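> Sequences listed follow chains A and B, in order.
Be aware that the first sequence starts at 17, since it is given in the working numbering, and climbs by one per residue.
Be aware that the second sequence starts at 66, since it is given in the working numbering, and climbs by one per residue.
Treat each hint with caution, since some may be false.
[Said to hold, decoys possible] Covered stretches of chain A (chain B as the covering partner; in silico rule of three or more C-beta atoms under 8 Å from a C-beta of chain B): (1) 139-151; (2) 195-209; (3) 319-326.
[Said to hold, decoys possible] Here are a few chain A residues that face chain B, going by a calculated C-beta distance under 10 Å: (4) E164; (5) L168; (6) R173; (7) R329; (8) K330; (9) P333.
What the hints contain is simulated information worked out from the structure, not anything from laboratory work.
Since this is a predicted model, take the numbers as computed values, not measurements.
Using N, Cα and C, we set each Cβ at its ideal position, and we do this for glycine too.
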Amino acid sequence: MENNEKRLLTGAQILMEILKSEGVDTIFGFPGGAVIDIYDELSKTDIRHILVRHEQGAVHAADGYARASGSTGVCLVTSGPGATNTVTGIASAYMDSIPVVILTGQVPTHLIGNDAFQEVDIVGITRSCTKHNYLVTNAEDLAGTLKEAFYLARSGRPGPVLVDIPKDIAKTVVQFTMPEESNLKSYRPTYNPNTKQLEKIITLIEESEKPVIFAGGGVILSKSSKELTEFARKAKIPVTASLMGLGAFPGSDPLWLGMIGMHGTFRANMSVGNCDLLIAIGVRFDDRVTGKTDSFAPNAKIVHIDIDPTSIRKNIPVSVPVVGDCRIALDQLNQMIGEANLGNIIKKRQRWFNRISRWKTTNPLSYKQKETIMPQYVIENLFKITKGKAIITTEVGQNQMWAAQYYHFDKPGHFITSGGLGCMGFGLPAAIGAQVARPGELVVDIAGDGSIQMNIQELATAVQYSLPVKVVILNNRYLGMVRQWQELFYDKRYSCTCMDHSPDFVKLAEAYGAVGLRATKPEEVIPVLRKGLNSDKTVIMDFQIEREENVYPMVPAGAPLTEMLLV
Amino acid sequence: MTEEKHVLTMLVDNKPGVLSRVVGLFSGRGFNIESLCVAETIDPLISRITVVTRATESGIEQIEKQLNKLINVIKLRKVSGPKSVQREMALIYVMAKNGQRAEILRIVDIFRGKIIDVGTDHFVIEVTGDEEKMSAIINLLKPMGIKKISRTGTIALFR
Ligand SMILES: Cc1ncc(C[n+]2csc(CCOP(=O)(O)OP(=O)(O)O)c2C)c(N)n1
Ligand SMILES: [Mg+2]
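Chain A extracted, bound-state conformation (with noise of 0.2 Å):
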């Protein structure tokens, strides 16, 4: 069909022909009256629809399906609670810059304002954490606006842009032609970096004995992993990671240094607080990374790389600011590396290698084996199993971190968490969303006994469309990071944090109709884990861990990165 030829059509068919122009094939959602019609033209599509169970998780899903496939994730509600029930999805999506296109049902337009049945302000609600958001009140913008939805959520920092649709204007029939690409004039982000500014960048390399690259989010959202990895080597400058950036720089080579932050390795943070150049990377520097800003990275200059220049100087004072993508400014640089001046430096760092060996050796990421199964064996022994081949997406809290410091991830796309909203309960749909995207891969959720039941729903999804995920439980019968910081800095007193009564959860799965297996004892991790992984069904393994094991390293909140609290 040519694009520019005119045709009339319904609201929804304007809909689906947007869909399917920007390639996308799967939506996750779940209907309702202000939605019927957008339903029902859905059915004549070939677009395949997820039904979730509850609509938080159809945002996490298509969070976790953007996130594994790299393109954007779309979902549909209906209006009133099923908008409401998104707004956590949402917020999640907001915090990590992943992009997500929600579409919601709204009342008629002529009844928009009149407290009418199922009628909530969702633009209202979400403006504050939507990238951008729509209220279309007349069918003739229908199709520009969802344009300009799906280019805004892509494009620059991406993010979750939702467009609220009254069931009027999906009835309606306009003339339809398919709109230009969106060319907003309020909205240019910047995607080439100044070259006077990378140049800089170049010259305190070229003079840092001590540097270290902190890499974000940002560096897997802009896909320059590869760019980064060649950049670190070429300028032999070791490598962190923030949560969110963990698969950007392989975890299997020399110069990692483990994950930032409060539950950060010991060296990483050793060398962040005592390096001489810090070249942050699509990062944010959220307090759970720098911990007391005054003193992070005190001896440091810092280079600031992001799209966002509002994430510029927002916490953290920076020597040499660049706007624009990572990617291209990565190639930049590799591109300029390869002429810099770097032979004697280099034999200069040597020292510096020396000290972050050291720490590695001094205080590496360990634990005691005990009676009881300990969780950081439980993924160790899922890395191992997997070869470092799954990916995993995490519930929130002691899971979360174990996940983080345990499994080693060596790609992007690998490690799917709600790292800047922390949200319980993401886990299980984020997995289902990225079993989706990538139907042959091992998808696994590394859970929390607390975290697993916000979001348990779900569970009906996996086994309704055959998605073989697993789910890991480490259930320590605690909401065990709260717990933790109740038993550290609260004299024990464990207020609401005890969870000990929790469903059986391999009934529960066989109840669902997924498998339920259970580990108990040490020598029981191992087969329960080949058992699970191994099945070509959705899978939930309980692994009763020791109750009170603790997340260590520890950076006590709003202490000096450097003063961590050790195993």
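Knowing the structure of chain A, use the given hints to seat chain B with the ligands on it.
Coordinates of chain B with the ligands only, in the frame set by chain A:
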């Protein structure tokens, strides 16, 4: 870090919800708005918003960046220096007892204000000017008894 007063002027899409995005950004990020002025420009599709805020140097840098990031903000400038003009208007309802009427009229005259309503015991005065002028006339009229006052907040342009 000391806070200073800053005047920001921006062109925005004249669409529902845009003002709310701008204002929401201030409240959501913990910045205060001292005054706010919004109206259509010569192009009915575009409005001008003028905001007066107090912020530290890094605070105002962050506010500017965040405002620029809003999709509906077309152009933003911080207004300051001799190349800019700033004005505000006030309507002042002042008590005017017999013995004070002449004095009030003299003050209004000096400030090039206008009397736009007269009653047996009050005037309503219209006055425009920069911030300094406004506080000067308000201070002079205070002893007479200002019953109510309505100010527009600053509007600004570059010359
Ligand atoms: C939706 C939500 N509510 C509350 C919290 C606060 N919180 C952070 S970690 C945590 C404990 C999670 O418990 P569990 O899933 O069992 O994980 P564990 O720490 O025990 O591994 C809680 C309650 C949160 N992050 N998200
Ligand atoms: Mg737990």
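> Using the nearest Cβ pair, does A:L168 come within less than 10 Å of chain B?
7 Å, holds
> Going by Cβ atoms only, is A:P333 closer than 10 Å to chain B?
8 Å, holds
> Does A:E164 pass the interface check with chain B, least Cβ-Cβ distance below 10 Å?
The hint holds - A:E164 has a Cβ within 10 Å of chain B, the shortest such distance being about 9 Å.
> Are three or more residues of the segment 195-209 of chain A within 8 Å, CB to CB, of chain B?
With 4 residues in contact (Cβ-Cβ under 8 Å with chain B), the coverage given for the segment 195-209 of chain A holds.
> Was the hint right that A:R329 lines chain B, CB cutoff 10 Å?
Holds, because the Cβ-Cβ distance from A:R329 to chain B comes to roughly 7 Å (cut-off 10 Å).
> Does the CB of A:K330 sit less than 10 Å away from some CB of chain B?
For A:K330, the interface hint holds, since the closest Cβ of chain B sits about 6 Å away, which is under 10 Å.
> Tell me whether the statement that chain B covers the segment 319-326 of chain A is true, taking a Cβ distance below 8 Å and needing three residues at minimum.
The restraint on the segment 319-326 of chain A holds, since 3 of its residues have a Cβ under 8 Å from chain B and three suffice.
> When I compare C-beta atoms, does the segment 139-151 of chain A have three or more residues closer than 8 Å to chain B?
Result for this restraint: holds, n = 7.
> Taking 10 Å as the limit, does the beta-carbon of A:R173 come near enough to a beta-carbon in chain B?
9 Å, holds
Hint check: no violations occur; every hint is consistent with the structure.
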